[in-house]
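Asker: What follows is each chain in one-letter form.
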Amino acid sequence: MSSFSVTEPSKRSKWFAGTLVIVYALITMVPLAWIMLTGFKSPADAISYPPKVLFEPTLEGYVNLFTTRTRQTDEFLAANPPETWYEEIVRQYDMVIAGPSKFGERFLNSVIIGFGSTFLSIFLGTLAAYAFSRFKIPLADDLLFFILSTRMMPPIAVAIPIFLMYRQLGLSDTHLGMILLYTAVNISLAVWLLKGFIDEIPREYEEAALIDGYTRFQAFYKVVLPQAATGIASTAIFCLIFAWNEYAFAVLLTSGTAQTAPPFIPTIIGVGGLDWPAVAAGATIFLLPVMIFTVALRKHLLRGITFGAVRK
Amino acid sequence: MAEIVIKNVRKEFGDFTAVRESSFTIEDGEFFMLLGPSGCGKTTTLRMIAGLELPTSGEIYLDGEEISQKPPSQRDIAFVFQMFALYPHMNVYKNLSYPLVSQGMKRAAVRDKVHEVAGILGIRDILKKPVGGLSGGDRQRVALGRAIVRDPKAFMMDEPLGALDAEFREHMSEELRALHDRMNATTVYVTHDQLEAMQMGDKIVVMNNAVVEQFGTPQEIYDKPATMFVADFIGSPSMNFLEFQGTVSEGAQSVEMNGQKLSVPRQIQSGSGNLVFGVRPEHVTLSDSGEYRGEVLATEYLGTTQIITLDTPNGELKARVPSGQVATVGEKIGLGFDASTITLFDRNSGKALLSELNEEVLSNG
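As you go down the protein sequences, you meet chains A and B in turn. Note that this note's numbering has the first sequence beginning at 1, numbered continuously upward. Note that this note's numbering has the second sequence beginning at 1, numbered continuously upward.
Be aware that one or more of the hints could be misleading.
Derived DSSO-like pairs (lysine-lysine); straight-line CA-CA distance at most 27 Å [to be verified]: (1) A:K299 - B:K128; (2) A:K222 - B:K153; (3) B:K94 - A:K222.
Calculated directly from the structure, the hints in this document are not laboratory data.
With the hints as extra help, turn the sequences into a complete structure.
Answerer: Shown next as structure tokens:
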């Protein structure tokens, strides 16, 4: 049966489109799946050639990711039988667990810095965007252009001045320093995106709130913000993804207390070289928060991307 | 309820002057229309009364208190927006209660008040619905409800019927007028629709190009227009303007136009040069005996009446006559004018010349 509507796609084209999307999705998911599977391989399976698709899964990578281990004498090992399942995994290599690794800390740093800078970017960005959208600001266009111009070269181009400045200011390897840095990079994106969203919200809503006895700030907070939620959510996702994945500045400016997960993960050393399963396990865990955040705000993101394309 | 006095109010947006020194008084309980074509400054005037714009100069008094520079929240004036501006993230109940919550009213009192207002407007059954799915009429009612719920001193309405379809408009305008009569609240209503203004208003201000052209009751504005703009803007078809060269002196009771002597109300103001003889279509009569003649160009049948377009020596003229009267295109017909209704205008200034007819209205307005 063919469809009678002109705008309704035919069955065949639906099939074609569906197949195309599935094929594309599979291709893009291969590297992700590869990383996730590698996390459950043994080090030998991980580097075997040809690559193993079927293998015996092990949690070795995850155990190695979260622990530090030391080699022990046979006597010691014999005298102390393994007490836990993860201890047992480590014993295969005549090792014992010496303590937790730094991954937990680094991951927490990523969370603090990623979400902290996202919050700050959105907070400042929303206020600035509202001001640009609603008030007569002298030189508003020039200021907006200036804000955008901060993104006209790759941020890493100013790495050395920032490195020197941070050393002088004592911001190197601090949470605050990294939050400020990522906020500075993200703020232009936030202001421009959010200004677009706020421009679309009719002024009448705020005026109605002013008439109804609210102050300008209450009108902003109670009427504009709920309606800008879509824009705020999609902007937040973009900001978080950048701050979360940022590698170059993290390598340059953090080494200890404020080191984030991206520079830490590749440094995980295993037995006789890089421990690929542990690295893959770290990458998998690292992917989760952004995935959860994105899925949680998915509705907003989709609406946000198409916002303004279709007017009601 | 309150009296609103607008005194020499002026508003500039940069180089653009939206409203030029305007003054008028809105009396307590009046249904007051601000009428004019788009861009004439009527909405700006309304927004200045409500406090959404601050005047560049001049004063606005609400019940004797000068409020022109106060924030809207301190004026106790409600505003109904053209596009309703219902808070889209709240349901009907929340929309209605929002102005009460800001006053810190107790929850139970808010509920009672909202239900009372919802009852008046007949929207009790939709209180729980989100505003997104409402019909135009219900949105309009909610917007009105949000305005009346807090018993403000005055209502501002910015073309509140503009977003409704024509059929529903009439019904809603009756509802609005009935609501006003029931509440007896001072209402300022902006519209560009002269018919709406005539139907609903107690008083009308006609604005054009940032200037108040005339201010008075619908009858005064219709029968005794102060300017050619008002005469042209009000009425459908609008007033006929027959242009002629001549002089009228003080006390004259007729003018000479195209060699014919035509009676007019006794003039108080003299004029000369380019003059205009203004007559409403319904004050034109067709007669075979009339000395002043015109050729029929077209006829439009409107049921009980018909509009006849004629070509006269002084320009085109439309006459509204009973549809029984026969007029054929091309025929030359004599015209008669109801002398007591004639207004003479000075062509250059566009202003009406004072006469017995309009003296009382125009000298104090």
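Asker: All hints, please: hold or fail.
Answerer: Hint check:
{"no.": "1", "hint": "A:K299 - B:K128", "verdict": "25 Å, holds"}
{"no.": "2", "hint": "A:K222 - B:K153", "verdict": "25 Å, holds"}
{"no.": "3", "hint": "B:K94 - A:K222", "verdict": "12 Å, holds"}
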